[in-house]
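Visitor: Below are the chains, spelled out letter by letter.
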Amino acid sequence: MSTFAAKRLQKEMAKIHQGLAPGIFFVNSPNLQHWQMDIQVLDSNPLYAGKTFRLNFRFSNNYPIEAPEVTFIRAPDREIPMHPHIYSNGIICLDLLSSGNGWSPVQSVESVCMSIQSMLTGNTKNERPEGDEAFVLREGRSVRDIRFVYDDPTV
Amino acid sequence: MSSPDAAAIRPSSHSFDLRSLTYITHVDDNLCCPICQSPLVDPFTTSCRHTFCLACITDALKVSKSCPVDRSPLDTADIKMAPVVLANLVNDLTVLCPNHALGCSATLSRGNVEGHLKEDCQYVTVDCPGCGEKIMRKDRQGDSEDCVHVEEACRYCSEKHRKLDMKSHEAVCSAFTSSCRHCGIECPLSKILAHEATCDEAIVNCDSASVGCPWHGPRKESTTHSVSCPLTHLRPLLEEHNSRIANLERENKLLRRRLEASLTARAQTDIIQSNTTTALDNQTLRVLTEQERIRSDMERLYVSMQELDMKQNTLAMFMGENMRTQEEVAMIGAAVNNLQTQLHGLQLLTIRRQGMDQNGAGNRSDGPSSQVKRAAENGVLGRAGRECFSDMFETRD
Ligand SMILES: [Zn+2]
Ligand SMILES: [Zn+2]
Ligand SMILES: [Zn+2]
Ligand SMILES: [Zn+2]
Ligand SMILES: [Zn+2]
Ligand SMILES: [Zn+2]
Ligand SMILES: [Zn+2]
Numbered sequence: 001m002s003t004f005a006a007k008r009l010q011k012e013m014a015k016i017h018q019g020l021a022p023g024i025f026f027v028n029s030p031n032l033q034h035w036q037m038d039i040q041v042l043d044s045n046p047l048y049a050g051k052t053f054r055l056n057f058r059f060s061n062n063y064p065i066e067a068p069e070v071t072f073i074r075a076p077d078r079e080i081p082m083h084p085h086i087y088s089n090g091i092i093c094l095d096l097l098s099s100g101n102g103w104s105p106v107q108s109v110e111s112v113c114m115s116i117q118s119m120l121t122g123n124t125k126n127e128r129p130e131g132d133e134a135f136v137l138r139e140g141r142s143v144r145d146i147r148f149v150y151d152d153p154t155v
Numbered sequence: 156m157s158s159p160d161a162a163a164i165r166p167s168s169h170s171f172d173l174r175s176l177t178y179i180t181h182v183d184d185n186l187c188c189p190i191c192q193s194p195l196v197d198p199f200t201t202s203c204r205h206t207f208c209l210a211c212i213t214d215a216l217k218v219s220k221s222c223p224v225d226r227s228p229l230d231t232a233d234i235k236m237a238p239v240v241l242a243n244l245v246n247d248l249t250v251l252c253p254n255h256a257l258g259c260s261a262t263l264s265r266g267n268v269e270g271h272l273k274e275d276c277q278y279v280t281v282d283c284p285g286c287g288e289k290i291m292r293k294d295r296q297g298d299s300e301d302c303v304h305v306e307e308a309c310r311y312c313s314e315k316h317r318k319l320d321m322k323s324h325e326a327v328c329s330a331f332t333s334s335c336r337h338c339g340i341e342c343p344l345s346k347i348l349a350h351e352a353t354c355d356e357a358i359v360n361c362d363s364a365s366v367g368c369p370w371h372g373p374r375k376e377s378t379t380h381s382v383s384c385p386l387t388h389l390r391p392l393l394e395e396h397n398s399r400i401a402n403l404e405r406e407n408k409l410l411r412r413r414l415e416a417s418l419t420a421r422a423q424t425d426i427i428q429s430n431t432t433t434a435l436d437n438q439t440l441r442v443l444t445e446q447e448r449i450r451s452d453m454e455r456l457y458v459s460m461q462e463l464d465m466k467q468n469t470l471a472m473f474m475g476e477n478m479r480t481q482e483e484v485a486m487i488g489a490a491v492n493n494l495q496t497q498l499h500g501l502q503l504l505t506i507r508r509q510g511m512d513q514n515g516a517g518n519r520s521d522g523p524s525s526q527v528k529r530a531a532e533n534g535v536l537g538r539a540g541r542e543c544f545s546d547m548f549e550t551r552d
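These protein sequence lines map, in sequence, to chains V and F.
Just so you know, we're using the working numbering here: the first sequence kicks off at 1 and counts up by one.
Just so you know, we're using the working numbering here: the second sequence kicks off at 156 and counts up by one.
Be careful, since some hints might not be right.
Unchecked claim - Reference listing, derived: stretches of chain F covered by chain V, where coverage requires no fewer than 3 residues with Cβ under 8 Å from a Cβ of chain V:
id : segment
1  : 191-204
2  : 491-505
To be verified - Sample of chain F residues at the chain V side, in silico, Cβ under 8 Å:
id : residue
3  : D172
4  : K235
5  : T424
If you are wondering where the hints come from, they were derived from the structure by calculation, not from laboratory data.
Even for Gly, the Cβ is constructed at its ideal location relative to N, Cα and C.
Could you put the whole structure together from the sequences, leaning on the hints where they help?
Guide: Following this line, the structure appears as structure tokens:
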């Protein structure tokens with residue numbers, strides 16, 4: 001990892017230890033370019049009330065110039081939230097996360113979590129994106145499962 | 156990160172990334188770049204008035220041609236150097252030497268980092284003058300041209316060591332002895348410092364020297380002194396006071412620096428403002444005169460408007476009166492007409508009666524029939540006139 005990206009992530013980590021916005025929690029980071037965060041929806045949206053969801057962040061050498069890769073992941077007591085822009089394999093369709101015009105290098109892990117939090121807060125539809133099953137068959141497996149295999153040598 | 160492996164040793168080039176420095180004091184968020192979140196390096200300001208490190212905003216613009224903060228369209232041509240005050244402020248911040256992890260303990264102002272790495276830092280890699288292998292500057296033997304990887308014998312124990320490792324060997328060499336400065340005992344160099352620090356004969360100050368006790372003497376007597384020393388009990392209190400004062404002084408210094416910085420910035424804006432002010436004065440004066448003139452014009456217009464208003468009111472009054480007069484005239488006309496009809500009716504009656512009287516008492520020469528006929532004609536006319544005006548009577552009621 002480049003010293004530039006590492007330095008920026010260390011800064012963010014230091015800020016996280018001073019406190020995070022309500023409903024956002026740091027879970028762990030096996031290494032600096034791989035973080036996990038938990039988020040909760042704060043209002044009483046019946047779709048998400050009482051539930052916690054886990055986000056997986058991966059940072060490239062060019063972070064924060066490039067957007068991080070952010071997906072929801074399954075874990076004990078952690079489901080993939082129902083949302084018309086979230087595939088059942090955890091992939092999120094959010095403009096902010098697309099390197100290009102959506103992402104801005106002034107964003108941070110915390111601000112991304114807050115954006116995803118408000119994306120859930122505003123949702124009322126208990127549904128997946130159109131073509132979810134086909135997409136997950138085609139893409140999902142390769143993105144999530146394979147990533148975990150080489151990511152985490154302890155498993 | 157802390158192990159000085161080959162990859163971690165920095166090349167002693169100029170292209171050192173200042174953005175990865177470690178700052179030893181807290182830096183105000185206003186002095187930090189929103190992209191790297193570190194204190195600004197070569198601050199540049201955009202046309203939308205956001206400030207970034209030159210390197211950060213250049214990298215960001217390669218990916219997206221918009222301001223990372225407000226997303227307004229932005230190109231490399233739209234950024235220019237930030238005010239010098241700001242650059243000075245961030246260059247004065249105190250940092251650790253970038254080779255801190257390798258062992259350099261230097262702290263210096265950021266502006267001096269490059270000079271330190273180039274000239275002084277003992278932990279930058281240089282070439283071994285003999286074989287060209289990479290070594291740290293501290294391992295070079297002065298200006299000697301010899302290879303530091305060649306082994307030679309220790310001056311004290313004759314053990315073979317590389318020149319490179321000789322210093323660290325001497326620090327532990329058991330044959331390299333020295334005598335205590337206080338009691339004169341001989342012991343290896345590696346242990347002499349530890350002995351001197353506890354030597355009974357060493358001259359020490361009273362524990363309370365920092366708060367004013369003038370006593371000093373051999374260490375072995377210091378315990379006896381401190382039992383009788385009047386300052387021993389007061390010391391914790393005095394020390395607390397001292398540290399509090401030191402804290403306040405530090406804070407004061409920090410605040411003064413900030414104040415100076417903001418005063419400088421303020422002074423600059425003031426200069427700009429006063430320049431603009433003189434330029435504006437003349438224009439303002441002209442604008443004010445113009446405004447005064449327009450206001451007096453307006454007042455005059457207002458007065459004449461009021462006059463016109465009054466005249467219009469009088470006119471309306473007159474017109475109302477005129478209308479009423481016309482109606483009255485019409486009414487009177489109708490009444491007159493009515494009266495005329497009645498009058499003709501009466502005349503007709505009178506004429507008939509006269510005719511009957513004359514028929515009874517002898518006829519008059521003038522033929523009465525022509526008279527009746529004339530009157531009847533008049534009567535018909537009179538009724539027609541009344542019918543014509545009856546409309547008006549009805550509507551008026
Ligand atoms: Zn920056
Ligand atoms: Zn901007
Ligand atoms: Zn150094
Ligand atoms: Zn050599
Ligand atoms: Zn030796
Ligand atoms: Zn001694
Ligand atoms: Zn004393």
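Visitor: Each hint needs a verdict: does it hold in this structure or not?
Guide: Verification of the supplied hints:
1. Coverage of the segment 191-204 of chain F by chain V holds. Counting CB-CB distances below 8 Å, 3 residues qualify, and the rule asks for three or more.
2. Coverage of the segment 491-505 of chain F by chain V is violated. Counting CB-CB distances below 8 Å, 0 residues qualify, and the rule asks for three or more.
3. With a least beta-carbon distance of about 6 Å to chain V, the hint placing D172(F) at the interface is held under the 8 Å criterion.
4. This hint is violated: K235(F) has a C-beta 20 Å from the nearest C-beta of chain V, more than the 8 Å allowed.
5. The beta carbon of T424(F) comes no nearer than 26 Å to any beta carbon in chain V, farther than 8 Å, and the hint placing it at the interface is violated.
In summary, the numbered hints that this structure violates are 2, 4 and 5.
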